[in-house]
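Participant: Letter by letter, the chains look like this.
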Amino acid sequence: MLFLKKTVPFLITLGMGIFTFMYYFMPHKHMKFVWENVSDWAIIIGGGSMAVGAISMIRTYYRKSMNKEDPNRWYAVITLVCMIGMTLIGFIFGIGSETLFNDLFINVMMPLESTMFSLLAFYIASAAFRSFRLKSFSAGLLLVAAIIVMLAQIPLGENISVHIPAISSWIMDCPNVAARRAILMGISIGVVATALKIILGIDKSVFSGAGK
Amino acid sequence: MSIENNNNNNNNNNNNKNKTWFQAILNLDKRFVYIFIFLAVSLPFFLDPVVDIKSTKWVQSAYDLVDEAAQKRKPIIIGFDYDPATLAELQPMAVSILRHAFSKNVKVVGINFILNGTSLAATTMENIAKEYGKKNGEDYAFFGYLPQPTVVLLNFGENFRKSYKKDYYGKDLNELPMLKGLQNFDDFHVVFCLSGTGLPGTYIVYGVDRFKFNYVAGVTAVSAADYYPYLQSGQMKGLLGGMKAAAEYEFISGKISDGMRGMASQSWGHITIIFFIIVGNILFYAKKRYEDKEKNS
Amino acid sequence: MSTNPWIWVGAISTIMIFTYLWKENPLYRLAEHVFVGISVGYLICVTWYNVLHPKLYVPLFHEHQWILIVPLVMSIMMLFRFSSKHGWLSFWPLAFLIGFSGYGIPASIDTNMLKQIQATINVSFAGGIIPIITALVILLGTLSCLIYFYFSFPHKGAVGKIAKFGSMLLMISFGASFGYTVMARISLLIGRVLFLLRDWLGVVH
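The listed protein sequences derive, respectively, from chains P, D and S. All residue numbers for the first sequence refer to numbering that gives the first Met the number 0, where the first residue is 0 and numbers rise by one. All residue numbers for the second sequence refer to numbering that gives the first Met the number 0, where the first residue is 0 and numbers rise by one. All residue numbers for the third sequence refer to numbering that gives the first Met the number 0, where the first residue is 0 and numbers rise by one.
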C-alpha cells in the first residue's frame, strides 16, 4: 500500500519532471507528440481540479448552515443559494454576453469584488498617517523615493520641478532595476531548488493533507 | 473590525487624559482619514477632471508597436488576465489598446488565464468592437479561459490550435476567417499581457525567451517596479504600469477615457497621502519630544 | 440618476461593501457571502464551458478520443482528496501536474538568472556622465544587493559596507514600490467612485 501511496506519486513526478526538463532542450518530434498529449491532459486535470475547490467550499458552508447553534448560519445558506442559483443560470441560459449569467457577473460580482479591493485605498491612507515614520536613514530613503515617485505620477510633480519625473524615471530604471534583479535572481534560485526537491522526492510534503 | 473600533475608542479615551493636541490628532478615529481620502478622490470629478499629462518612453514604445502592427498588417494578442479586483487599473489599458488597434484596422486575438475575468474580457472586446463596427471572427477573436498558462503558452508557440479548439462562443477556430494562416506567436506583431498577478513573468519564462516575440506587459502599479529588470534586459519592449500608464496611452492616442478622467482624482489622492505622511511624522516627533521632556522633568 | 435596474444593483452592492469602513455589519456580511456564492457558481460554469466541455466532453463522447479517459480518471481521482481512507488517490494526478515544473527549472534559470546576468554585464557606459553613473549603479548595485542577501559570511568590514549599499538600493526600490502602491490603491477607489457618480447618480460626465 505504501508503494501506491508514496512511491507511485514520486515516480510519476520524477518521470514527468525528467520528461519536461528534457523537452526544454530536445523538442524532438517524438517528444512533441508526447508533450501535446500530456499538456492537454494537464489542462483538463487543471479544469477538473476546480471541482475540488468548489466541493471544499460547499462542504464548509453546508456544515456551517446545518449548525443550528451558529447565529450566522443564514449567511452560509445565502452563499449556497447564490452558488446553486448562479450555476443553474449558467447551465440553463448559457454564459454568453447577453445572458442573465453575464448580467449577474457584470452587475453583482464585479462591483462586489472591485469594491472590496478599493477598500485598500482607505487603509493605505490610514497607514500613511499612522505608520509611515521617518525613524532611520533607511526609512528616510524609502520615504524620499516614495514621495518622488508619487509626485512624478501626477501633473503637480512636473509643476513643482521638471526634474521630478526625470528623477523618478531614473529611480525606476536604475536603483530599482539593481534591487529587483537581485530579488529576481534570489527567487529564481528558490524556485529551482524547490522544483528539484519535489521532483527528486526530497520534499514529499506536497503529497499530504488528504481527507481534510 | 468591531474589536479594532473598541480598541480605538479606548485609545481615544486614554489620549483625552493626556490632553495634548497632537496626541489627540494622532489618535484621531481612522474614519476621519477615510472621509478625507474619499472626498479627495470624489470632488475632482465635479471640477474639470481631465488634466494634461506626458507620456513615458515605455508607454510610447507600447503604442508604437501597435502602430507598427498596423503598418505590417499583422494582428496582435491581448492577454486579458485580470479580474474585477484590478479592473480600475487594467480595464482602461485594455480599452485604450483595443481602440487604438481597431481604429488602425489591426486584428486582435484575446486570451485569458484568470477565470474571474473571462466575461469581463469578452464584454470589453465586444463593446469596443461595436464602437468601430468590427465583427467577431473577422476582426477579432476571443479564445476564452484556459487553466495551466505555462503549457498553453508553450503550445501557443508551436500552434495555438493545440490548446484552443473553439473560441469563447463555442465556434471552431478553423471557421473564423481572421485566423486563417495564423499559427503561433510569429504571426502576431506584439503580445500584451494585462494582469495584476505574476502572469506577465510567466509569459516571459514560457513565451518570450523561448519563441522571441515583441512583448508588452500591462500591470497594476503595485507590481510595476518588479518588471523593470525585464525592460533593461530587452525581454520586454514596453510596460504599462497602473492607471497613469493607461492615461498616457489615452493621451498619445487622443482618445480620452477613464484613465485620463481619473487623473485629477489620482493627483488629489496622492497629495492627500503625502500630506498624511508629512503631518503624521510631524505629530509623531512632536509627541516624542513632549514625552522626552516629560520623562526628563 | 440611472433608471437601469442593473446599475442600481451594482450601486447597492458597492455601497454594501463600503459600509464595512464604518464597522462590520450585516449588510457587508450579506454582500460578502453573496460574492462567495456567485464566484463559485461562476467558476463552475466557466470551467465547464471553456475547459471541460470543449476539451474533454466533446472529444471523448462525440469524437470518441478514448485516450482522454486518462485525464478524466485523473480528474475524478482528484476528488478523493476529501476521503481520509482513499485520499492518496488524489496524489497521482497532483504528481502529474507537479511534474511539469521540470520544464520550469531550465526556463527559470535562463529567464531570471542567465539573461539578467547578461543584461547586468552588458550595460552601456557610453553617452556621458549620467549613463556611466546609471551603468555603474546597475552593475555594482545588483552585486551589492546579492551580497546583502548572502548570509554565509558576516556583514562586516568591506562586505558590510557593500551590503549596506545594497540595502540602501533596496530601500529606494521599496520606496518606489510604495509610491506605485499608493497609485494602485487610489486607482481602485477611483473606479468605484466613478461608477457611483457617473453611471449611477449621473452627476458627473
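A few of these clues could be false.
What the hints assert, rightly or not - Below 30 Å or equal to it, Euclidean Cα-Cα: the simulated DSBU-like pairs (lysine-lysine) are:
1. K294/D / K28/P
2. K31/P / K103/D
3. K28/P / K163/S
4. K28/P / K161/D
5. K56/D / K114/S
6. K196/P / K160/S
7. K22/S / K286/D
8. K67/P / K160/S
9. K53/D / K29/D
10. K160/S / K63/P
11. K114/S / K4/P
12. K286/D / K134/P
13. K164/D / K134/P
14. K286/D / K31/P
15. K134/P / K160/S
16. K22/S / K29/D
17. K133/D / K31/P
18. K73/D / K114/S
19. K196/P / K114/S
20. K134/P / K294/D
21. K287/D / K134/P
22. K163/S / K287/D
23. K29/D / K28/P
24. K28/P / K287/D
25. K63/P / K22/S
26. K286/D / K28/P
27. K155/S / K161/D
28. K28/P / K56/D
29. K106/D / K29/D
30. K31/P / K179/D
Simulated from the structure, these hints should not be mistaken for lab results.
Participant: Confirm or reject each hint.
Facilitator: These are the hints, each one checked on the structure:
1. Between the alpha carbons of K294/D and K28/P the distance comes to roughly 79 Å, so the proposed pair goes past 30 Å and is violated.
2. Between K31/P and K103/D, the direct Cα distance comes to roughly 38 Å. Violation of the 30 Å bound is thereby established for this hinted pair.
3. Taking the CA atoms of K28/P and K163/S, the gap is about 52 Å. The hint is violated against a cut of 30 Å.
4. Taking the CA atoms of K28/P and K161/D, the gap is near 15 Å; set against the 30 Å cutoff, the hint holds.
5. For the hint linking K56/D to K114/S, the alpha-carbon distance of about 22 Å falls within 30 Å, and the restraint holds.
6. With a C-alpha separation of about 34 Å, the suggested pairing of K196/P with K160/S is violated against the 30 Å cut-off.
7. A C-alpha spacing of about 29 Å is found between K22/S and K286/D, which places the hinted pair at or below 30 Å, so the restraint holds.
8. With a CA separation close to 63 Å, the supplied pair K67/P and K160/S exceeds the 30 Å bound.
9. For the hint pairing K53/D with K29/D, the CA-to-CA distance comes to about 35 Å; that exceeds 30 Å, so the pair is violated.
10. The hinted pair formed by K160/S and K63/P fails the criterion: a straight-line CA distance of about 57 Å is larger than 30 Å.
11. Between the alpha carbons of K114/S and K4/P the distance comes to roughly 40 Å, so the proposed pair goes past 30 Å and is violated.
12. Among the hinted pairs, K286/D with K134/P is consistent with the structure: their alpha-carbon atoms are about 14 Å apart, no more than 30 Å.
13. A distance of roughly 58 Å separates the Cα atoms of K164/D and K134/P; the hinted pair therefore is violated under the 30 Å criterion.
14. For the hint pairing K286/D with K31/P, the CA-to-CA distance comes to about 68 Å; that exceeds 30 Å, so the pair is violated.
15. Between K134/P and K160/S, the direct Cα distance comes to roughly 21 Å. Compliance with the 30 Å bound is thereby established for this hinted pair.
16. Taking the CA atoms of K22/S and K29/D, the gap is near 11 Å; set against the 30 Å cutoff, the hint holds.
17. Taken as a hint, the K133/D and K31/P pair is broken in the structure, with Cα atoms around 37 Å apart against an allowance of 30 Å.
18. With a CA separation close to 28 Å, the supplied pair K73/D and K114/S stays within the 30 Å bound.
19. A threshold of 30 Å between alpha carbons decides the hint, and for K196/P with K114/S the separation of about 24 Å falls inside it, so the pair holds.
20. A threshold of 30 Å between alpha carbons decides the hint, and for K134/P with K294/D the separation of about 20 Å falls inside it, so the pair holds.
21. For the proposed pair K287/D and K134/P, the alpha carbon gap of about 11 Å is at most 30 Å, so the pair holds.
22. This hinted pair checks out: K163/S and K287/D have alpha carbons roughly 28 Å apart, not beyond 30 Å.
23. Restraint check: the Cα-Cα separation between K29/D and K28/P comes to about 63 Å, which exceeds 30 Å; the hinted pair is violated.
24. Our distance criterion of 30 Å between C-alpha atoms is broken by K28/P and K287/D, whose separation comes to about 71 Å.
25. For a cut-off of 30 Å, the pair hint linking K63/P to K22/S stands: about 23 Å separates their Cα positions.
26. A distance of roughly 72 Å separates the Cα atoms of K286/D and K28/P; the hinted pair therefore is violated under the 30 Å criterion.
27. A C-alpha spacing of about 56 Å is found between K155/S and K161/D, which places the hinted pair above 30 Å, so the restraint is violated.
28. For the proposed pair K28/P and K56/D, the alpha carbon gap of about 42 Å is over 30 Å, so the pair is violated.
29. About 49 Å separates the Cα atoms of K106/D and K29/D, which puts this hinted pair outside 30 Å; it is violated.
30. Restraint check for K31/P and K179/D: satisfied, since their Cα atoms lie roughly 23 Å apart, inside the 30 Å limit.
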